[in-house]
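Based on the sequences and whatever the hints tell you, model everything.
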Amino acid sequence: MIDARSDEAAAIELRGLTKRFGDTVALDEVDLVVRPGVVFGFLGRNGAGKTTAIRILSGLARPTAGTARVLGHDVTRASDVVRSRIGFLPDVPGFYPWMTAREYLGFAGNLFGLDAATLDARATALLEMAGLASVNTRVGGFSRGMKQRLGIAQALINAPSLLMLDEPTSALDPIGRREVLEMVGSLRGRTTVFFSTHILADVERVCDAVAILERGRVVASAGVAELTDRATANRLVVEVEGDGAASAVETALAGRAWLKSLETTGRTLRMSVSDLSAAQREIPAAIAAAAVALRRFEIEEASLEDVFVELVGGPEGR
Amino acid sequence: MTGFGAFLAKELTEIRRTWRLWVMPGMLVFFGITSPIIAAITPALVQSMAASQPGVVIRIPPPKSLDAYAQFIKNLNQFVLIAVVITGASVISGERSAGTAILALTKPLSRRAFVVAKILSQALLLVTATALGTVACVVVTAAVFDGADGGRLVTAVALWLVYALLLVVVMTLFSGAFRSRGAAAGAGLGFYFLTLLLSSWGPAARYGFLGLVPAMRDALMGQALSLGWPLATAAAAIVVAGAAAVGIFERQEL
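Residue numbers (this note's numbering), protein chains in the order written: chain A, 1 to 318; chain B, 319 to 572.
Note that these hints are calculated values from the structure, not bench results. Hints should not be assumed to be uniformly reliable.
Said to hold, decoys possible - Partial chain A-side listing against chain B, Cβ under 7 Å, derived:
(1) L60
(2) A61
(3) T64
(4) T67
(5) D80
(6) R83
(7) P90
(8) V92
(9) P93
(10) G94
(11) Y96
(12) W98
(13) F112
(14) L114
(15) F142
(16) W258
The structure presented is a predicted model; accordingly, all values stated were derived computationally and were not measured. Quick reminder that beta carbons are idealized off the backbone N, C-alpha and C, glycines included.
Put into structure tokens, the structure is as follows:
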């Protein structure tokens, strides 16, 4: 799948992972593999099941069926081993308001059993990275962005092999969001980052690979570039000249086996096709047969947003 | 018990750095000081009220140190136990609703260690506060009354402390079992009033921990105590409630 290195255990491996809350299916037989060392975006709209998956991975919830393995360990059976090697940041991190940032890092480091010298060195470096080195006020007075940055810092105190971030930028202003994304980006190559979000731009900006979750199912999983290339290879834009020309072309192309969808705006036709070479041969011929003048005919670059919308079917879903 | 030491240290620091340091010790010391004073002035107050009613004569024997101790025990059984219920209601549910439990429990901290540290820190606070309050009561009683016998009070307070520690564990159980602190407080108050009611029922007082309540009174009066069943059942109830608190919290999804 992504950056496959068969000699190394997957950072995350989900097989048939299912979670039901009564009649509601939050996760529906999810299969997913995240290779070590990548910044992985777990993309889906609100309610898609991202947080449920992360809660299972972090040991806060149990699956109804299927398995969830983290760093080679079944999370339901080796929770202590898993917890000692992961870093976790929930969407709204809760800190003890009476502590300072350094005190919280000290508390977290003590839970991991770090010795005093290591803990002090790491806390200093992480506070520096989070831009909180000179902040001595209690966490209770922190802004949302400061808490989120402290959240990432505390999740890194044990130098984790896997860092799981649940919607780390969803409630931040643009500056706070940029700071958090820069922190995440700076971790590339140092640890595996599993990063859930519904913000496509964040994924495009920092992620190497992505899985798209829709209604509890993974509908796509690949490298970001691979996913957009795959979509690009299936999208064509045609612009014609003359009144009524676009509808004449639309009529001429109707019923072609390779035509998946066609959308006409003025004199421009945008189409998604299943066989690009057939489309490239037949479209110009159909336009010529309809006696229409061709102005533009090209393969359209797809963004991650296009991929996302195509896969999850727009605002209301499929 | 992974992470127990670090989490217990956090709990004790939290007590030292927040309002929790003042509430329980403040309340106990307040009652320790005021109970002897109230016992000393109560006869004068009652007689002055009776004086304003023509034809009413009330004779009250002169107050003694035992009256001060009885007043202190009464305050412990009423106000302090209710405070134990109210503060205990949020001990786990508060961490859950604030999101602090999630962040701690995704680190090497077992849920068993989380619950046991909560119980132990509350118990330490309660024992310390009770000791301070008892010392205050003995000192003020000695100052206000002659010939104060602190031994009886210490015995009665020790029996109260066993009951209060049971309530601490029960409240930790309720706080973990119920999502809302209001529900936990409601269940705790129900437990408190039910046990108070049942403590006057002979068999329950003889063979159960409910016997601790009348035993406090007997201790103050210097009567012979039969504490085998009450203490054994209280210890068993503490262990069972503690195990239930751990078991329920371990099975919960956060």
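Hints and how they fare:
Nearest Cβ of chain B to the Cβ of A:L60: about 4 Å, under the 7 Å cut. The hint holds. Annotation: interface hint on A:A61 holds; nearest CB of chain B at approximately 4 Å, less than 7 Å. With 7 Å as the threshold, the beta carbon of A:T64 stays out of range of chain B, its nearest partner Cβ sitting at about 11 Å, so the hint is violated. Checking A:T67 against chain B by beta carbon gives a least distance of about 17 Å; that is not within 7 Å, so the hint is violated.
Taking 7 Å as the C-beta contact cut-off toward chain B, the hint placing A:D80 at the interface holds, the least distance being around 6 Å. This hint holds: A:R83 has a C-beta 5 Å from the nearest C-beta of chain B, less than the 7 Å allowed. Hint on A:P90 holds. Least Cβ distance to chain B is approximately 6 Å, under the 7 Å limit. Evaluation of the A:V92 hint against chain B yields a held restraint, the C-beta minimum of about 6 Å falling below 7 Å.
A distance limit of 7 Å between C-beta atoms decides the matter here; for A:P93 the minimum to chain B is near 6 Å, and the interface restraint holds. Interface hint at A:G94: satisfied, since its Cβ lies 2 Å from the closest Cβ of chain B, which is below the 7 Å cut-off. Here the hint on A:Y96 is kept, as its CB sits about 6 Å from the closest CB of chain B, short of 7 Å. Using the Cβ-Cβ criterion of 7 Å, the hint placing A:W98 at the interface with chain B is satisfied: the shortest such distance is roughly 5 Å.
For A:F112, the interface hint holds, since its Cβ comes within 7 Å of a Cβ in chain B; the closest pair sits about 6 Å apart. At a threshold of 7 Å, the smallest CB-CB gap from A:L114 to chain B is about 10 Å, leaving the interface hint violated. For A:F142, the shortest C-beta to C-beta distance to chain B is roughly 14 Å, which exceeds 7 Å, and the interface hint is violated. Because the closest C-beta pair between A:W258 and chain B is about 48 Å apart, greater than 7 Å, the hint is violated.
Hints 3, 4, 14, 15, 16 from the earlier list are contradicted by this structure; the remaining hints agree with it.
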